[in-house]
Amino acid sequence: MDYRTQNPTQPNSTHGITFAQLSGLGQDEQQHNGTEQQQRVSLPVGEMEIKKARDTLQKYKDGKRNLETRIVNNEQWWKRRHWEQMRSEKSVSASGVKEPEPTSAWLFNCLANKHADAMDNAPEPTILPREAGDQDEAKMLSSIIPVILEQNGFEQTYDDVWWYKLKHGCGVYSITWSPRKHNGLGDIDIRRADLLNLFWEPGCMDIQKSPNLFYVTMQPNASLERAYPQLRGKLSGSTLDVAKYVYDDTVDTSECSAVVDWYYKIEDGQGRTVLHCAKFVNDVLLMATENEPERYPNGLYDHGEYPFVFDVLFPEEGTPAGFGYIDICKDPQAYIDLLGQAILENALVASTPRWLVRDDADFDEEAFADRKKTFIRAGQSLAADSIQQVSVPPLSGTYVDYLNFKITELKETSGNRDVSTGGTTSGATAASAIAAMQEAGSKLSRDMLKAAYRAYSKIVRTCIELVRQFYTVPRAFRIIGEAGALKFVQYQNTSLQAQTVGAIYGGGDTYRLPEFDIEVSAQKASPYTKMSQNEMALNFYQLGFFSPQNTDQTLACLEMMDFDHKDDVTRTIQKNGTMSERLQQISALLVQMTSEYRPELLPQIQQVLAQSGVITEIAQNAQTTSDGVPIDVQNMNRLGGDEEKKESNITKNARTRVAESTQPR
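So for the sequence shown, my numbering puts the first residue at 1; every next one is plus one.
Be a bit skeptical, because a hint or two may be false.
[Said to hold, decoys possible] Heads up, simulated DSS-like pairs for lysine-lysine below, C-alpha to C-alpha not over 27 Å straight-line:
no.	residue 1	residue 2
1	234	244
2	265	51
3	373	181
4	443	139
5	411	373
6	406	139
7	330	244
8	139	79
9	59	209
10	52	209
11	61	265
12	575	450
13	330	234
14	59	265
15	79	372
16	566	209
17	209	51
18	566	443
19	139	411
20	79	411
21	330	443
22	244	51
23	265	458
24	79	51
25	209	406
26	411	450
27	443	458
28	79	406
29	330	59
30	139	487
31	330	406
32	406	443
None of these hints come from the bench; they were simulated from the model.
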C-alpha cells in the first residue's frame, strides 16, 4: 500500500492530452496556448530545447536503423513478397522466360496458428484489493474496466497487436487520455502503436528507463494548419525522415509533415518522477506541459510513466523490441521455396519436348513445331540422325526428401507441429495418446500467452491510474450484475483518491492511496473448452457431488482435483452441507413433536421428508408410509441414477486436458 506523509495534489480537472493522431486539444485551446507562449519570455521548453530534442531524436533514429530495416523486410515476408529480396540479378533467362518463383505459405500458417491460440484465450481482468476496505471498489473496477476496454474496441486492438507481435517480435499498446471523447467529457483511449514511429535511447531494454521517448506521425499539412494557425507558411517540407513500409498502393507523403510527441521524465523536489510532453513540428513548438504548471501540476499523467506498453515475443539484449517468428523461420521458408523452384523448373523443362536439329536437316521446322500439323514435308537429305530429342533426367527423390525435411524443420522450430493443429502423422490413434501429444505440443502457446497476460496487466493498471486521475464526475456504466442481470451504475474516482489514515509515522497527516492487484484469466473463447467445462459440471451432478449428504466425501475428492473456479464449487458444496445440517435438525424436531402430539400424521411427515431428500435418524427409525409400505429412501435421494456411460473416463479426461492445454494457469 502506498502511504504518503504529505498532502497529495488532488486532480480537479478532466483535461488531458492525447498526442499524435490519438487526440489533441481543441482549436480554441490551441490558439490560446500559442498566443500565451508568445507572450512569455522565459519558458522551460523553448526553441533551444526543441532543437536539442531534434538532435536527440536523430541520434535515437540512427541507433534504431537496423530494427526498422528488419521490420520493413519482415512485412514483405508476411505478404509472401520475399522473392523480391531473394531474387538474383539474373531472374529472367536469356530467352525471356521468367523463372518460377513459388511462395509456399508454411510460414504464414505458423503465424496464423499462433494467432488463433491467442484469440481463443483472450484475456479478461479481475481486480483484487490489497486492503479489506477496498473490496467494494475492486469489485466495481472489475465490472467497469471491461466496459471501458469494450468501448475502445480492445478486442480488435488485441488482434492487431498480436499480428504485429508475431511478425516483428513486439506489439505496442498506447494508453492515453482523449479529452475529445464523449462530447468533450474525455475518456481513456487504447490503440496500437507502430514501432517504426517510436524512438527510444539505444541499448535500453525497459522503455520506462529511457530518458526520452519520441512518437512521430505523418499528418497532412492542411489539417495541421487548420488546427495550429501558427504553422501557416512553415510547412514547406518535413525535415525528418520516417521509415516506411513497402505499400502495394502509392502512398504520397509529399504534402505531409512529421509531428513529434516528445515525452520525457524529470525529478521534482519531492523525489517523484514527473512525466512531461512537448509537441512540435519541424522547429515550431505547438504545446508543452512543462510550460503550463498551473494546468499540469503533476505533469502529463499522475502515474509518471510513458503511456506505452511493450508486449515482447522473444526478448533480445539491448533493445525493448525483441524478435518474432519471421526472424526465426524465414531461412527455412527461403530454402523451401528455393527447392520448390528447382523442382518446378525441372518439371517444366522435362514436360516441354525439345529437339537437337542438325544444320543440314532438310525439313520444315515451323510445321514440326506446330502440333496441329498432320503432315510435315521433308527433303531427300533428311537422315535418321538429323533430329534428336533432348532427354531431361528427372531429379532424384533425395531432393524431394530434403524439401520435406526443410518443411519439418520449420514446423519443429516454430512449434507448429501437426499435433498442435489437431492432426497426427505418427500413427497414434488412441484419444489419450493424441491428447498427451497435443498438450505437450502447446507449451510454446502457453508461454506466449503468459507473456501477453503480463502486458495486459500493465494495460489494466494504467487504465486504473487514468480513472483515478480523470474520472472526477459521475459516469454511467452498464455492467453485468449477479446471475447475469443487467445493472446500471454511476461511478467516479472519489474512492480512488488519497485517504487520510492519521499520523502513523509522527508529524503531519499520512495518506493512503488505494492500490490493487490484477489477476488475468482466459475468456474461454473456444467452443470446445466451454463444452468440456459444461460436461464436467454435469458429471459432478450425476456423481452426487452436490448432494448434501455427500458433502464430506465431495470435499475430500475436490481437495485432490485441479480445475478453474474450483474455489467457487467448493464454497457452494460447503454451503449446501451447512443447509443440510440445519434441515436435519429442524426435521428431527418436527418428527419428534409430531410423534408426541400428532402421531397419526407421522407417516405423512416421513413421506414428505423422504421425498425431499432430508433424512434424519428419527425419520429412519420409522420408514413406512401410512399404508405400511417401506420407503426406499436411498433410491429417492440418489441423484443422476446409474446411466450407462457412453465413453470411458480416460477419453473424457484426455479431451479435457486438450481443451485446457493452451490456457495459462
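Okay, the hints, checked on the actual structure:
1. 234 / 244: Holds, at roughly 24 Å.
2. 265 / 51: OK: residue 265 and residue 51 at ~18 Å, within 27 Å.
3. 373 / 181: violated (76 Å)
4. 443 / 139: violated (33 Å)
5. 411 / 373: violated (51 Å)
6. 406 / 139: The given pair, whose Cα atoms are some 52 Å apart, is violated under the 27 Å limit.
7. 330 / 244: holds (21 Å)
8. 139 / 79: Since the Cα atoms of residue 139 and residue 79 sit roughly 45 Å apart, the hinted pair is violated (cutoff 27 Å).
9. 59 / 209: holds (17 Å)
10. 52 / 209: holds (20 Å)
11. 61 / 265: Cα-Cα ~19 Å, so holds.
12. 575 / 450: violated (34 Å)
13. 330 / 234: Cα-Cα ~45 Å, so violated.
14. 59 / 265: holds (18 Å)
15. 79 / 372: Given that 27 Å is the threshold and the Cα spacing comes to 42 Å, the pair is violated.
16. 566 / 209: violated (40 Å)
17. 209 / 51: Judged against 27 Å, a Cα distance of about 23 Å means the pair holds.
18. 566 / 443: holds (23 Å)
19. 139 / 411: violated (44 Å)
20. 79 / 411: Holds, because 19 Å separates the two Cα atoms, which is no more than 27 Å.
21. 330 / 443: Given that 27 Å is the threshold and the Cα spacing comes to 22 Å, the pair holds.
22. 244 / 51: holds (24 Å)
23. 265 / 458: Holds. Residue 265 to residue 458 sits at ~19 Å (cutoff 27 Å).
24. 79 / 51: With Cα atoms ~39 Å apart, residue 79 and residue 51 exceed 27 Å; violated.
25. 209 / 406: Not satisfied, since the Cα-Cα distance of roughly 41 Å exceeds 27 Å.
26. 411 / 450: Holds, because 22 Å separates the two Cα atoms, which is no more than 27 Å.
27. 443 / 458: holds (24 Å)
28. 79 / 406: holds (21 Å)
29. 330 / 59: violated (30 Å)
30. 139 / 487: Within the cut-off at roughly 14 Å; holds.
31. 330 / 406: holds (11 Å)
32. 406 / 443: Roughly 22 Å between the alpha carbons, so the hint for residue 406 and residue 443 holds.
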